[in-house]
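Letter by letter, the chains look like this.
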Amino acid sequence: MPMKALTGNEAMAEAMRQINPDVVAAYPITPATEVVQLFASFVADGLVDTEFVAVESEHSAMSACIGASAAGGRVITSTSSQGLALMHEVLYIAAALRLPIVICEVNRSLSAPINIHCDHSDTMGSRESGWMHIFAEESQEAYDSIIQAMKIAEHVYLPMMVSTDGFIISHCMQRIDMLRDKEVKDFIGKYKPHHSLLLTDKPYTVGPLDLQDYYFEHKRQQIETMMNAAPVIKKVGREFGEKFGRYYGLFEEYKMRDADNVVIAAGSAAGTAKAAVEEAREKGMKAGLLRIRVMRPFPHKEIANALKDKKIISVLDRSDSMSTMGGPIFVEMKSALYDIKNHLPMCNYIYGLGGREIDVEDIIRVFKRGEVYKEKGIEKKIDFVGLRE
Amino acid sequence: MKKPFEIRWHGRGGQGAKTAALLFGDAAMATGKYIQAFPEYGPERMGAPVQAFNRLSDEPIHIHSGIKKPEVVVVLDETLMKTQPITEGLGKDGILLVNTKSTPGEIKATYGLKDIKVYTVDASGISKETIGKEIPNTPMLGAVIGVTNVLDFDRFMRDVTEKLKIKFRNRPQIVEGNIRSIKRAYEEVA
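Residue numbers (the working numbering), protein chains in the order written: chain A, 1 to 389; chain B, 1 to 190.
No wet-lab data here; the hints were simulated from the structure.
Where a beta carbon is used, it is the ideal one built from N, C-alpha and C, also for glycine.
There's no promise every hint is true.
Capping the alpha-carbon separation at 30 Å, the derived lysine-lysine pairs in DSBU-like fashion look like this [what the hints assert, rightly or not]: (1) K255(A) <-> K192(A); (2) K4(A) <-> K92(B); (3) K311(A) <-> K167(B).
Every beta carbon over 10 Å from chain A, so not counted as near; a handful from chain B, in silico [to be verified]: (4) K33; (5) Q36; (6) M46; (7) P49; (8) S65; (9) K68.
Derived contacts from chain B toward chain A, CB cut-off under 10 Å, selection only [what the hints assert, rightly or not]: (10) F5; (11) A30; (12) Y34; (13) H62; (14) I107; (15) A109; (16) Y111; (17) G112; (18) N149; (19) V150; (20) F153; (21) M157.
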């Protein structure tokens, strides 16, 4: 397998090149700019057959992607932060029209105040849009997941975004074990859409008015589709592992078997948390990590099952839900655990907003606090890590 | 999970600290290591102090936080020694490698450094003689290996030569100059 030293953005662009989509419509934004820039150079150099549409905004980018996908094309775009926010209106349309578009997303905070660094506010803002979403921990997973996302999306007919942490991953060079172009081509297969606007002998209507009579039934079908997505994501992750040796599930368990003090995290902080688990274990704590990989659909049953005998759960959130109930992962976790028999003590830490650093020591402090909460009960339900107060 | 070997590069915007970290990471990977190479994520201004980082390990690297306790600090521009926290986080056996005409003893005396190992090399001078302009980052790659032995030098040179040949395929004299600069710094670092 060819081995390359690539940044997260380069790895995403390489995955796009190997997928060789029919259409890419994109507008550059920090820290995802390079993804679009590199892909544009692949187009200019004739390395792909893609029609590249340079648009004037992200709203137009997603709109062009919707048109191209409805026409039966294989379609990818890339964005971040304000760009994803500007797409918001059309994200819902892509999902509800069941168009298998892929976004290479780079997680960045939302204004105001203006900030170009990482947090998860941007993709969390789209979590009810009907898109499937994978949080990649690092660039290898991002590369592998984009290839899987194309296949998953085209199988379930829902769009999917794969995100990396801005700068921390997008601009960090690491070793990437790439697949050969042909391996990617064979893995994703040829896309044969159910419908295409270009097949004039099989005409169909896209996006007509749908009022009290059928809107509800169509939404019901969309909900059902999302319910059926998780098994497909699992199957494609397993198939990828069988073929290329790297297996992916809905979430990742690290040292969870005998753990009673568990941290939940998504994105690059989950990698740092693995080192914290090791150190916490050296200090005698039964530490473990459950890393959220698939955020949408949220694998609530499987996660509840993985946590049922644990004694304390600390959820790390790199954004806040502004609901006064903590971060979005914490809110999901509470819903996921409500129906299980025994009550699981769970607390929430908001960290890393606007790119604020989180390191191994920060997470060890979370584990240590977990040891105290295990014995004496939770004192502070929602707290912050790495904040000056 | 072993602590990765960590390097912090100090330079000024435009001197190639980031490029050095990327080149070093790339070359380390070619010798079989898992690597990370990343710049300090701040505004990029010509002449302003900048930092870049490397992690090297024989196993996959999970940690994604900044580097606070490096094994090695490399300084591309000696004037930074006066204003930047150059030795911050360097432990007792920490290595400081400076691009300067001065000797390690002189650097230690001038900046009051104790407990760390100081090495120096005139990377700017070497690059002027071999490449024809001041590009201290390229020879510094050789000096880093010279003082740390963290990579196999012959394998490193094979990989760098190959990469430079692809990058400068129409200008073989540039390849030759770069190669000589790395070799000289590897040998001359003291």
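We went through each hint and held it up to the structure:
1. K255(A) <-> K192(A): 41 Å, violated
2. K4(A) <-> K92(B): 35 Å, violated
3. K311(A) <-> K167(B): Measuring from Cα to Cα gives roughly 56 Å; hence the hint is violated.
4. K33: It is violated; K33(B) is separated from chain A by about 8 Å at its closest Cβ, not greater than 10 Å.
5. Q36: 5 Å, violated
6. M46: 19 Å, holds
7. P49: 18 Å, holds
8. S65: Check fails; 4 Å does not lie beyond 10 Å.
9. K68: 7 Å, violated
10. F5: 15 Å, violated
11. A30: 8 Å, holds
12. Y34: The hint holds - Y34(B) has a Cβ within 10 Å of chain A, the shortest such distance being about 5 Å.
13. H62: 4 Å, holds
14. I107: At about 30 Å, which exceeds the 10 Å cut-off, the nearest Cβ of chain A leaves the hint on I107(B) violated.
15. A109: Constraint on A109(B) not satisfied, violated at 34 Å.
16. Y111: 27 Å, violated
17. G112: With a closest approach of 29 Å, the G112(B) hint is violated.
18. N149: With a closest approach of 21 Å, the N149(B) hint is violated.
19. V150: 16 Å, violated
20. F153: Violated: closest Cβ of chain A sits about 19 Å from F153(B), beyond 10 Å.
21. M157: 17 Å, violated
The structure does not agree with the numbered hints 1, 2, 3, 4, 5, 8, 9, 10, 14, 15, 16, 17, 18, 19, 20 and 21 stated previously, though it agrees with the rest.
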